Amino acid sequence: MDYVKPNEILKSMVEGGTAKASASAGQMLVRGFLGGAILAFATTLAFTAVSQTKIGMAGAIIFPVGFAMIVLLGLELVTGSFALIPLSVLARRASVGRMLGSFGWAIVGHILGCLVYAVLYDLTVTKMGSDMANPLAQTLISTAEAKTIAYKSMGAEGLLLVIVKAILCNWMVTLGVVMAMSSTSTIGKIAAMWLPILTFFGQGFEHAVVNMFVIPAGMMLGAKVSVGDWWLWNQIPVLVGNFIGGALFTGVMLALSQKGIKLLPGRNVPGTLDSAVSAEQSA
Amino acid sequence: MDYVKPNEILKSMVEGGTAKASASAGQMLVRGFLGGAILAFATTLAFTAVSQTKIGMAGAIIFPVGFAMIVLLGLELVTGSFALIPLSVLARRASVGRMLGSFGWAIVGHILGCLVYAVLYDLTVTKMGSDMANPLAQTLISTAEAKTIAYKSMGAEGLLLVIVKAILCNWMVTLGVVMAMSSTSTIGKIAAMWLPILTFFGQGFEHAVVNMFVIPAGMMLGAKVSVGDWWLWNQIPVLVGNFIGGALFTGVMLALSQKGIKLLPGRNVPGTLDSAVSAEQSA
Amino acid sequence: MDYVKPNEILKSMVEGGTAKASASAGQMLVRGFLGGAILAFATTLAFTAVSQTKIGMAGAIIFPVGFAMIVLLGLELVTGSFALIPLSVLARRASVGRMLGSFGWAIVGHILGCLVYAVLYDLTVTKMGSDMANPLAQTLISTAEAKTIAYKSMGAEGLLLVIVKAILCNWMVTLGVVMAMSSTSTIGKIAAMWLPILTFFGQGFEHAVVNMFVIPAGMMLGAKVSVGDWWLWNQIPVLVGNFIGGALFTGVMLALSQKGIKLLPGRNVPGTLDSAVSAEQSA
Amino acid sequence: MDYVKPNEILKSMVEGGTAKASASAGQMLVRGFLGGAILAFATTLAFTAVSQTKIGMAGAIIFPVGFAMIVLLGLELVTGSFALIPLSVLARRASVGRMLGSFGWAIVGHILGCLVYAVLYDLTVTKMGSDMANPLAQTLISTAEAKTIAYKSMGAEGLLLVIVKAILCNWMVTLGVVMAMSSTSTIGKIAAMWLPILTFFGQGFEHAVVNMFVIPAGMMLGAKVSVGDWWLWNQIPVLVGNFIGGALFTGVMLALSQKGIKLLPGRNVPGTLDSAVSAEQSA
Amino acid sequence: MDYVKPNEILKSMVEGGTAKASASAGQMLVRGFLGGAILAFATTLAFTAVSQTKIGMAGAIIFPVGFAMIVLLGLELVTGSFALIPLSVLARRASVGRMLGSFGWAIVGHILGCLVYAVLYDLTVTKMGSDMANPLAQTLISTAEAKTIAYKSMGAEGLLLVIVKAILCNWMVTLGVVMAMSSTSTIGKIAAMWLPILTFFGQGFEHAVVNMFVIPAGMMLGAKVSVGDWWLWNQIPVLVGNFIGGALFTGVMLALSQKGIKLLPGRNVPGTLDSAVSAEQSA
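Residue numbers (our numbering), protein chains in the order written: chain B, 1476 to 1758; chain A, 1476 to 1758; chain R, 1476 to 1758; chain P, 1476 to 1758; chain G, 1476 to 1758.
Next up, chain B with everything else stripped away, as it sits in the complex (with noise of 0.2 Å):
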């Protein structure tokens, strides 16, 4: 049946982290420019909900529509890449300077997809500009001025703090892209997917590619951030952030947690992530 096991889901993560570094740089740049248009959909979806319903909770269960649609269409997120290509790096599977490359594209395919739906959304949501009466409005302002000056304001414990939460949401974030591919069956890939993505989305941790949207979305309607505050208070240490959750909590240790304590990059010694990637190809 359908089910993976988790061997066959770390090799799955060295592929799946192969092809992404593999593509070419178009596809990458279209694949962000919808992952992240779709975030941002489901993004405002979920701040509709909890506007709706005062329930933060509420917004989480529904955030997910855009986690699945990106994943089961093959789209990307850089956030979820940042678990597999690293292990195919370790796996000699990938070159550093490829994934790179990759990160690269895709983070400015995310920027042009959010601005897009940036600039539509906020037409729509003003009435293209005429009424700023829409509680969505307001929420996006408010949104983009918490996530940037507020922890300006903190100072070094505001950048550690926006980096902590980025280390939470991307270790949940990245297991969705792992827990998709224990199922091969589709439905089964959206339950599993669904659980961690609502386990980030539901305690307010922070995600670049949602940020790439909500900040400059706020802004256009006169959130009091500049593009600096934007970068270096949210950006760049959320980008930090959700790498480390990424690269460490869900890529190097579920490696560890299947292959044990002798996973290192080797010469191929029976144990080691290439190896086990290597026997599988020439099986």
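No lab work stands behind these hints: they were computed from the structure.
Check the hints yourself; a few may be wrong.
Pairs count within a copy or across copies, as identical chains cannot be separated in the list.
Derived pair list, reagent style BS3-like, types lysine-lysine, alpha-carbon separation capped at 27 Å [claimed, not checked]: (1) LYS1529 / LYS1486; (2) LYS1699 / LYS1627; (3) LYS1529 / LYS1602; (4) LYS1486 / LYS1627; (5) LYS1699 / LYS1529.
Everything numeric in this text was worked out from a predicted model, so none of it was measured.
For chain B, the structure is supplied; the task is to place chains A, R, P and G on it using the hints.
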């Protein structure tokens, strides 16, 4: 198992578009009739849910019942075809004439199906016209006015606004069609297509077929909307926006996400869309 | 996988109708008895949900439990057969006599099953007739009156109104039967058939078998409804409307949607319904 | 796929009954112990849900968790066997003696399991007897009284009332057992059996095994119920009613629905239940 | 299809226990680390849901997200192993030494994982310690106190109470592990294991691994709980109770339910647990 990989989904999109372009006028007419009427059933169900709970998201969660029936039974929504047939044309698997014919017959079918349901539903909700106390009657009237004369009162900006909302709407609706192709299992299809449909309906975007029911149903109940208002300030710009959203953001961009920027209609060159499909054919 | 394509669904409809027309009187009687009683169980469950939550949609979401049991266990609802057996007759796979016999025995079974449940449930809800304080008793009385003497007070318009509501009802109920055929998996069948059943119940349309329980159950509790009121102002026109909705909008139109306008009973000409089924048979 | 047709379900019922009649006393005792205790877990969970939400249906929706565990793990509920073993006896696949032995050992197991859970749960809910403030304690007391002395106060009518409620209850509970046989997939079994179990619990009918926990648990907490009240006014009549509901309305009538009125225990005549099963055996 | 029969589930339990007993210390440490941390993520998610809705059951319904991730990804919860490895020892497939080693490394991993999450989460919820206004901080403090000094204040009865709650807890948690084995499909596993986990969490029983997070997390925030209180009045008795609940009520009794009272570790006699597994091995 039943999950269909993105590459195969792209082929299904092209083949689905070709099949739609090849259907007879009679088939498209009947499929469009049923598609329109069933979507209208779902619309009044969603309005009922909102009326009872005062929570818009309750309507959004329940609205996809109609879309799921339409897709599973092989019926027609022209808005869905907007993402598929253009791809078939690009892949040289369908002519522009067949595409326009398919759109036309489907739209005629939608209008007929929506009008039949509108008459029957309006009779029901008003007890044969004798009682306007049902809150659903008021909902239909105010929705019909909000979707037409409210835009008209904004002039050119209203026209742009309705197009933007239609683009955002059909980006998601067509993803519903595509998501349904991500599984060969009924439960997988239902779950997958639920996600984008719920996303669009929950945020109040503009969908041409829903409007083919809501506006005339409201007009029959006394909404102050003329046929000209209906078509000029809603139906025509919404069809335009729906086409852009479906053909560009879903059709072309999903194809680019798989094939990269080499995707151009062309001389059966490896890497182009028609060569991809041709390879499939000859295999 | 388990998804059944529209073309195959159409064949299943014709074969299902043929099987129903071939069942013995005893089988139809028992299947109708159980079908009626189980639908009545679901009806009181839905009424309980509405009574507790004051939200009509809560009853609609829960009501399909009964329909799902009936379909999965191969029991009978005559309203479902209205979409299937006429197709078998058109395809020359069943006679009109067998069709009417099947309808008749099913209806007799429904009435018996509904009456048995009505007696047992009324005893329960009134504590052997000693206590009318349970709000469900009041619900049954007022529903029985709303479904009969309210229409009677409107005269001919009331008769038309009840027929229109019955058409809309069974359009959806029969889609429930058809949707169940869209999967060969139990979970797929349950999910698929839930959608149209919820759609009809949530909007208060008129279903003949539900009424065979609700009206007599209310009468036994004291509703001011005569047997004549029950049949003339509800049961007979609802059966007529249910037949129109099921046979025309689901049976014939779904067949046309697949086969196009060439679908006429005929000389085994390619493209007609019986040739389609015959081809299947000889394959 | 996993859906099991009605004809095959009937065979599974007979075979299931035969297997239950053949299990050893020790197996039945342990299975009954676990079945009783797990159902009791689910009962206190459902009471907790109702206590927190004040909506009875919330308890009904959650209660089937216990039933699903029992069925999937091959444990025992004597109420379920009421529909299966009598069919095996009719089909000459089990003796009346084995049937009664199976019922007896299962009931002994249920009582033991329910009492063990009642003691442990009562200790928990009252903090080792030191604190009666938990609303669940009050719920158990009042439910135990409502299920015994309330009927006693009605005299013979109370006895009839409890039997009627027990018939309606086990008609549904046994359909839960049968619905689980409609799928060979775990998710299909869970979904299918959920439906009738929710239906019975939501309407407050009387289930013998639930009562084997609720009444003594309430008595230990101070309910004014004697052991005689428990058995004479509830446990014995509920077992009788549960047997009628399970054996007649589910066991015999489902068999008749498939085989028609020819279904009589007999001389291996084609069309009878034992010939049907025998044919299966020799195939 | 994917449903696994009870007999096979029992074999999976023994084999699962053997595999856990054979894993390396490093694997158990990492699996325990991730298992503890992910369960802690789910705990704060559930607390958030309760805080927002004021309905305890909302937390219970959402809490199993963590358990499902742990099981599907092959990570470790020592409480689950309590039902599996003892069976392997009884079946002579694992030694007592390996069992204790596995328990020990898993517990060390749990403590590390829970502490890491506790530090990161506490930093987040208090904005780097600068703000105690978040209601979740108060929830953690009061829960930590309720789970330790409240028992201590009851003396010996408190010790018994916490053991009883721990028995009831892990009876269900281990059924979660077993239920996951009832399917080879991902969606089936998720649905099946959800049921008992929801049952335990909804009723406030005591789970050792949840407490390894909640109590120190509360202590760091200022709960008046010493390390001695934590271990003497909660962690040690909860581990004892969890072991009893898991090994006895799930492990041994489920084995007895299949094999009957002949199930004794022995001389490979037919009918005993190790003969059953051996037969499987040689087949």
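To see whether the hints hold, each was checked on the structure:
1. LYS1529 / LYS1486: neither (42 Å within a copy, 43 Å between copies)
2. LYS1699 / LYS1627: within (12 Å within a copy, 33 Å between copies)
3. LYS1529 / LYS1602: both (24 Å within a copy, 23 Å between copies)
4. LYS1486 / LYS1627: neither (41 Å within a copy, 49 Å between copies)
5. LYS1699 / LYS1529: Within one copy only: 25 Å inside, 33 Å across.
In this structure, the earlier hints numbered 1, 4 are contradicted, and the remaining ones agree with it.
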